[in-house]
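Protein sequence lines, in the order shown, are assigned to chains A and B.
In terms of my numbering, the first sequence has 183 at position 113, counting the first letter as 1, and numbering is strictly consecutive.
In terms of my numbering, the second sequence has 894 at position 230, counting the first letter as 1, and numbering is strictly consecutive.
Hints may contain errors.
If the Cβ cut is set under 8 Å, some of the chain B residues that face chain A in the computed set are [stated by the list, open to error]:
(1) LEU670
(2) HIS795
(3) TYR796
(4) PRO820
(5) LEU822
(6) GLN853
(7) LYS856
(8) TRP1051
No more than 27 Å apart at the CA atoms, straight line, and that leaves these computed lysine-lysine pairs for DSSO-like [what the hints assert, rightly or not]:
(9) B:LYS856 x A:LYS403
(10) A:LYS373 x A:LYS431
(11) B:LYS904 x B:LYS705
(12) A:LYS255 x B:LYS721
(13) B:LYS882 x B:LYS1016
(14) B:LYS1081 x B:LYS1004
Derived coverage of chain A by chain B (criterion: at least 3 residues anywhere in the stretch with Cβ under 8 Å from a Cβ of chain B; other residues may be distant) [to be verified]:
(15) 185-196
(16) 206-217
(17) 242-255
(18) 313-324
In case anyone wonders, no lab produced these hints; they're calculated from the structure.
Owing to the predicted nature of the structure, the values given are computational and were not obtained by experimental measurement.
Ideal Cβ positions, reconstructed from N, Cα and C, are used throughout, including at glycine.
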Amino acid sequence: MVKIIKEGTFGPGEAIILLGISNIARIFLSYPRSLVEIGGSAAWMTPLGGLAAALAGIYLMSLVLKKSPGSTIIEITEMVFGPFIGMAVNILIIAHILEMGGALFIREFSEAMLITTLRFAPISVIDAVFLAMGLLGAYLGIEALARTARLIYPYILGGLIILIFTLIPFWNFHNLLPVFGKGPKEVFLLGTYSTAGIAEIIIAGVIVQAMGGAEIFARIGYRSMLIGFAFLIITLAVLVLTYNWPISEEFTLPFLRLARTIYLGRFIQRLEAIFILVWVFVGALKIALLLYGAAVSLARSLKLPDYRPLIWPLGLAMFILGLLPLDMLAAIKLDIVYLRSFVLIPNYLLPLLILAVFWFKGRRERAGS
Amino acid sequence: MRAAKLFIFFLVVFTFVFLTGCFGSRETDENAFVLAMGFDKGEKDNMVVTVSIANPKVIAGMAGGAGGGAKEGGKNVIVQSVETYGPITGIEQLSTATSRHLSLLHTKAYIFSEEMAKEGLAFWFSTFSRHYELRATSYVFVCRGKAKDFLEKNQPPLEISPTKQYELIGSLSEAHGLYQNVMFKDFYQDIKSWTTQASMPLVAIHEGGLETAKPGVKKGGELTLGKYIAGEVPITGENKAQFDGTAVFREDKMVGTLNGEETRYYLMLRGQFENGYLIMLDPLVAELQGVGLIVHQARSPKYVTRINEDGSVTIDVDLYLEADLAAVLSGINYESPDNKPIIEEAFSEKIKEGCQKLIKRTQEEFKSDIFGFGQQVKGHFWTMQPWREFDWLNRYPEAQVNVTVHTRIRRTGLQLKTSPAHGGE
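One chain only, chain A, in its complex shape:
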């Protein structure tokens, strides 16, 4: 009998905030720029389809989790596809979404730090510092991460809200015209494809038991998705309102540009240093969550009693993978083109497949009886 991995528990509030903050992390990278490129003046609409897809993804995942209330998505996958295929699918998810996602995230966050503040620091040092924060967070466990998220979220959300309001003097509502930007096809189809790929659905499926079980999974999932997507939509709207789309799509780090634009007279300006602190909080939490997700999933998949010994090798692999892309552009391309497309499979296709298998099995059983 395999000893159950101790994950700790936390309330739905903490779970919502943890997943919400993890979802928000992408607005600090060059990701919003790519959405402006897709949608133009209607960039803010591009996540609407992604939000609908994410809510549907949460619903599907909750249906899957309810089939075996005491298990996580890892065990259910194995239960449905058998020990070999199930384990292969799980390891693919762990390697691609959590491990590769974490690696690219560390790299992109480190590049952002290099561009903004620590211009002459070696990337490996910044990578290592982010990883160290991630390792510590993952080691302390999901409960510690959730409680930390609960502790710092007023600062993160407060910072974002301050940013939005302090930029009001620079807003030009005509920048949101033409209403449908580069066209409904780009805004809604390509926009949905580009924004629906989030790691939080699968992470939620992995930590479901710590969050309180399958019964409250959907409630937590919906709310965290709403928080994450609301901030993405608001950030895109503020970006296009403040800078028109032709130059918004030029920015490497749109959020930094916005923070540097704050200018409320001679006395309130140069507030970006505060935002860089917010970035670090969010970045560290996200990396820790991805590393934790990867370690716990692998431990569950390999039927290990403890996930913690896996943190070190997975962390090291994350560090090395993060340094593999030749440059920042390659890392961004890998993230946006490859990773965000791949993440659609475990988010949406895997639960559908699992439900289909359950349905066939049930039908066969009914036919047999």
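Here the structure of chain A is known, so what remains is to put chain B in place on it, guided by the hints.
Below, chain B without anything else, positioned relative to chain A:
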């Protein structure tokens, strides 16, 4: 738990070892802060880059009240120039003549000579936009004459630091509207915009004294204080730097200038005119007497746009102005309810004429929609492709723009009635 404690212990130890200072960190006293940068066309290379660097020794002395720096005869800024390929190469080259790292983190103004502006600025703005030290809230100007001369001769007598001068200049534009307030980000957006063309405020050094004054209304000239552009305003005194008028751009190239008065109409049509003292001819007297009004824009203009069947565009603009009576040289009692509408109507007509004349100039002479009418027309399109194909910026010269001005005199200053000078007893 023991392992976690050990991990934290080692993390703290390593932190002490490695975080004694950031990589590439620079203390404040290792930097030389460039407060303003000027760009002129070079004779042998692309451009002459001029920087105005804060002199902390003198500024600290002046701020302390003792005037230590000033006593020693030092200037609060040090101006240096180099002929070079581009702005960033210029900074690198200038660093060979300074003991500190030249930093653009506190640069408040980028000043381009008229000659450079006429050749196009997109390339240089793009270079700056990429630069990690740029602040897009810095101000940008076009200098009549050489930017190098402007930076060398601009010595604001009331300010310790020229940075403050440029920041105050921005807010002062709201007090009179003789020039506009353009940040780096505004100009950069407009040169890439499909709806609005760019403009910048004009600056210049005024060489000379009162002899540059233009004839007043009684000597065949205009009745306006805005008939000048920077460098022409007849002012004598210590500081020779002037800010007045607007440089008009088509795409990224400067194609003409507006004087102070035209700049006011321009700001009104954009809905950015905050406040200003305007003079008009008294409508009830035959002599050339002036009536002064302190005017501000009551609310944003109302724009109604139509795309006609033949593809031409009609734009109706309604301007809403509020005014205070400030000076009535004729002594007519314009405070009375009977006379007030007369002056309101005459003033509306004057502003309308000025605006229509300016719009015609931008259509025929500059072929440039600096007013941003395109932003209104854009609303007729659902997606960007048809809007691009509509090619507004090339259609603008043929657009029909009708201006209507609504003026209301709300207050009459500290006087509610004007009595005749001889009729009191």
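Going through the numbered hints above, which ones does this structure break? Give me the numbers in ascending order.
1, 2, 4, 5, 12
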